[in-house]
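*Asks:* As you go down the protein sequences, you meet chains H and L in turn. Its first residue numbered 616, the first sequence is counted upward by one per residue in the numbering used here. Its first residue numbered 616, the second sequence is counted upward by one per residue in the numbering used here.
Check the hints yourself; a few may be wrong.
If several chains are the same, the list does not tell them apart, and a pair holds so long as it fits within one copy or across any two.
For lysine-lysine, the following DSBU-like pairs were computed, each having C-alpha atoms within a straight-line distance of at most 30 Å [stated by the list, open to error]:
1. K802 with K757
2. K778 with K676
3. K778 with K831
4. K659 with K778
5. K831 with K802
The set of hints was computed from the structure by calculation and includes no laboratory data.
Residue strings, one per chain:
Number of protein chains: 2
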Amino acid sequence: MRYELYYWAEIQGRGEFVRLALEEAGADYIDVARGRGGEAAMMKLLGGAGAHPPFAPPVLKAGPLVIAQTANILMYLGRRHRLAPAGEAGILWANQLQLTIADFLVEIHDTHHPIASGLYYEDQRAEARRRSALFLKQRAPKFLKYFERAIERNGGRFLAGAKLTYPDLSLFQTVVGLRYAFPRAMKTLEKNLPRLRDLHDSVAARPRVKAYLASKRRIPFNRYGIFRHYPELDS
Amino acid sequence: MRYELYYWAEIQGRGEFVRLALEEAGADYIDVARGRGGEAAMMKLLGGAGAHPPFAPPVLKAGPLVIAQTANILMYLGRRHRLAPAGEAGILWANQLQLTIADFLVEIHDTHHPIASGLYYEDQRAEARRRSALFLKQRAPKFLKYFERAIERNGGRFLAGAKLTYPDLSLFQTVVGLRYAFPRAMKTLEKNLPRLRDLHDSVAARPRVKAYLASKRRIPFNRYGIFRHYPELDS
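Work out the full structure, taking the sequences as your base and the hints as a guide.
*Replies:* Here you go:
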């Protein structure tokens, strides 16, 4: 089965968490919106999709299934491609981790858009400075230390079980994104996060992930996605 | 099995979405933090919980399972208490809806806390006014119309399948909360949301929900939870 991924063509965004799972799984997929006529196909899907309309991208078509919400798509892919723990407790734990990553992502995004996602950054710059300072002081350390502790509790290498699962890929992407957006702050924060650094390095070195990151399929970071580098927001 | 729910004792908050599912299911549960020594027990659980530490409440202990993240807890309860659709497509759809409700809740909360959850409302009042105005103009209608459309696509009464499922309970709570927080704006918005109004009424009339809402177990709305009524933020 060839999956169809529908996500904005110009950004990594939330779609990137799905792309990483598809790539690590070696799954057959098309990134629909990046092809000819793809954005139109995506807009059509968002307005349609029968009985299960998506609120927003990413959306994954898997045969007859139309699945939206990043954590939901990853739960589905994780089970199918051995990127999730087996057993109920493990499945719930992986989903719990992914939802905590999702909460973190909202807070990361809102550092540059604290007032409204529909306004330009330039129209909420003062508020963004205020939010970012508190985010870097309070929230980022809280989330990052939590994930460091979760890896530690799980034996020191992965978040869930004895091998890589989809939340590991998502946490990798979160670290990469934070390093791009807040290089100065992350340099300080990461000093006390050895397991998170190791997890980043081990994911980056996986052959399929490595090949993907070096390919044209990997969209560079820019000022349209979740992770944006505005030097004035860094510590 | 008696469930143990761990959530802040003084607010509805995210715990309320779990409480409503437990109540509608007629499940045996203890709201731990509301009992003697309960807050201390909750703080102990948050710092511990073995291999699967929660990032934040709510947390549900179900026998040996320790489950956090509201949507994750509800997926678990939904399956066990026939409050979820049967079959993979239905399970994914219910989870997708719940995650979209979760996204909406973050935006609702951030109307009064756009800069930081760790600051008082009074310290971000100007930003809250700005964010609330845009929320009521753009985001609230977008989310509410989406759910109206989802009910319509599903036959007009429920969000998923032919009977009540856990996202219906959560959508009910969201409507109740929005009416409390933004009474003027909701009066206008709801004019064009007949299915959402009907869903609210049918959930409120269910015997177990009705008994719960009239009981002391239902904590009144206040200025500590997700839904807060500040007249200056209403339309």
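*Asks:* How would you classify K778 and K676 at a CA-CA limit of 30 Å: within, between, both, or neither?
*Replies:* both (27 Å within a copy, 26 Å between copies)
*Asks:* Reference check for the pair K778 and K831, CA-CA at most 30 Å: within, between, both, or neither?
*Replies:* within (28 Å within a copy, 47 Å between copies)
*Asks:* Quick one: K831 to K802, C-alpha cut-off 30 Å, is that within a copy, between copies, both, or neither?
*Replies:* This pair counts as within: shortest intra-copy Cα distance 28 Å, inter-copy 50 Å.
*Asks:* Please work out whether the CA atoms of K659 and K778 approach to 30 Å or closer within one copy, between two copies, in both situations, or in neither?
*Replies:* Only across copies: K659 and K778 sit 29 Å apart there, 39 Å inside one copy, limit 30 Å.
*Asks:* At most 30 Å between CA atoms: does that hold for K802 and K757 within a copy, between copies, both, or neither?
*Replies:* within (16 Å within a copy, 39 Å between copies)
Consistency note: the structure conflicts with none of the earlier hints.
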